[in-house]
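S.K.: The listed protein sequences derive, respectively, from chains A and B.
Position 31, counted from 1, in the first sequence is what full-length UniProt numbering calls 31; the numbers after and before it change by one each time, with no gaps.
Position 27, counted from 1, in the second sequence is what full-length UniProt numbering calls 27; the numbers after and before it change by one each time, with no gaps.
It is worth saying that the hints were derived from the structure and are not from the lab.
All C-beta atoms, glycine included, are put in the ideal place defined by N, C-alpha and C.
Treat the hints loosely; a few may be bogus.
Unchecked claim - Derived DMTMM-like pairs (lysine to aspartate or glutamate); straight-line CA-CA distance at most 25 Å:
1) B:Lys155 to A:Glu32
2) A:Lys125 to A:Asp81
3) A:Lys120 to B:Asp37
Unchecked claim - Listed next, the stretches of chain A that the computed footprint assigns to chain B, with coverage defined by at least 3 CB atoms under 8 Å from CB atoms of chain B:
4) 18 to 25
5) 115 to 128
What the hints assert, rightly or not - Across the chosen pairs, the derived CB separations fall in these ranges:
6) A:Thr192 to B:Glu87: 18 to 24 Å
7) A:Gly62 to B:Asn149: 33 to 39 Å
8) A:Thr192 to B:His84: 15 to 21 Å
9) A:Leu7 to B:Ser118: 54 to 60 Å
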Amino acid sequence: MLNAIWLALIVISIAVAAINGRMEVINQAAFEGAKTGVTVCFGLLSILAFWMGLMRIAEKSGLLELLARALSPIIQLLFPDVPKGHPAIGYILSNMSANLLGLGNAATPMGLKAMEELQKLNADKQVASPAMCTLLAINTASITIIPTTMIAIRMQYGSVNPVEIVGTTLLSSFGATIVALFIDRWYRYRHTRRHR
Amino acid sequence: MYQWVSLISLWAIPITIAFVLLYGWRKQIPVYETFVDGAKGGLTTTIRILPHLIAMMVAVTMFRESGALELLLGMIRPVLDFLHFPEELVPLALLRPLTGTGSLAIATDLIAQYGPDSFLGRLAATMQGSTDTTLYVLTVYFGAVGIRNSAYALKVGLWSDLAGVIFSLLIVTYVFS
Numbered sequence: 001m002l003n004a005i006w007l008a009l010i011v012i013s014i015a016v017a018a019i020n021g022r023m024e025v026i027n028q029a030a031f032e033g034a035k036t037g038v039t040v041c042f043g044l045l046s047i048l049a050f051w052m053g054l055m056r057i058a059e060k061s062g063l064l065e066l067l068a069r070a071l072s073p074i075i076q077l078l079f080p081d082v083p084k085g086h087p088a089i090g091y092i093l094s095n096m097s098a099n100l101l102g103l104g105n106a107a108t109p110m111g112l113k114a115m116e117e118l119q120k121l122n123a124d125k126q127v128a129s130p131a132m133c134t135l136l137a138i139n140t141a142s143i144t145i146i147p148t149t150m151i152a153i154r155m156q157y158g159s160v161n162p163v164e165i166v167g168t169t170l171l172s173s174f175g176a177t178i179v180a181l182f183i184d185r186w187y188r189y190r191h192t193r194r195h196r
Numbered sequence: 001m002y003q004w005v006s007l008i009s010l011w012a013i014p015i016t017i018a019f020v021l022l023y024g025w026r027k028q029i030p031v032y033e034t035f036v037d038g039a040k041g042g043l044t045t046t047i048r049i050l051p052h053l054i055a056m057m058v059a060v061t062m063f064r065e066s067g068a069l070e071l072l073l074g075m076i077r078p079v080l081d082f083l084h085f086p087e088e089l090v091p092l093a094l095l096r097p098l099t100g101t102g103s104l105a106i107a108t109d110l111i112a113q114y115g116p117d118s119f120l121g122r123l124a125a126t127m128q129g130s131t132d133t134t135l136y137v138l139t140v141y142f143g144a145v146g147i148r149n150s151a152y153a154l155k156v157g158l159w160s161d162l163a164g165v166i167f168s169l170l171i172v173t174y175v176f177s
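Sequences are here, hints too, so could you generate the full structure?
M.R.: Dropping the structure here:
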């Protein structure tokens, strides 16, 4: 599906530019986009390296395992195919809590470590496992308690009460997460039935 | 409430850092060496993500700059009118799953244009805050472990983005009008 979207985005863009007679825009956009990709990636590097360093300490000291054991009932429910006490659980939990606090930058490295652990459990290394899809669903709909960036922008533009969107954001992201988990379950059910 | 929230956002990261370090120290972990060893992982991960990110950014930038996005907006306009969805917010809703920085720019623009305390300003902020860049998350997360076939993950992500947009509209309408 990603294949199709990527191809469609590029082909449609070129076709539209051709009809409008503005091909120079495509040339510019291609290199501009590639540059943005690099910029974003290197922006990630500093944050990733820092949190992964810190998480290694949490891992080696047994802190992650402790956290995982305390909250394992919830994870067991969401990730039935991950064995009890597996290191993936600790990373999934840290990823979820960072998302909850609106620390998107801290959530990514933990999510990546969780993916690595889930990949170890994955039978087909090329195809995403159901557990990986669930982790992704939680991340894309992520419940946010503090939408930090948006509060900052509202302050910048002189809002009378910049934090009044905290409640609406919390409710809306909570609703979206519940929906995401149900849709994930539905697809997971169809997926496993087809591959049995 | 505001002070409580800003206090949490201010303290959350320092407390996490201090707690992890002190816990490691108590368990007699060589904290400095362990940190450096872990941080190395950040470098390899970034290099692995880079090609995926470039591919996606090129496609999204082309789509926006070529005028294809404008065209798409024109086509779905009747549906929007039927649903009473504010047309001003369509670029935000459509771009949100594709690009985090792009949609952030649009949300900021809407807030600047209509004011942070207007209906559209509040809706833009809520929408930006309660959904995530599905395509980016998918690219980065699956790219990092070498997944080529994302199974049904993209469909779930896009449906939940739609749910986030609808919930934002309903809740902001209910709370603020």
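S.K.: Identify every previously stated hint that the structure contradicts and give their numbers, smallest first.
M.R.: 1, 6, 8, 9
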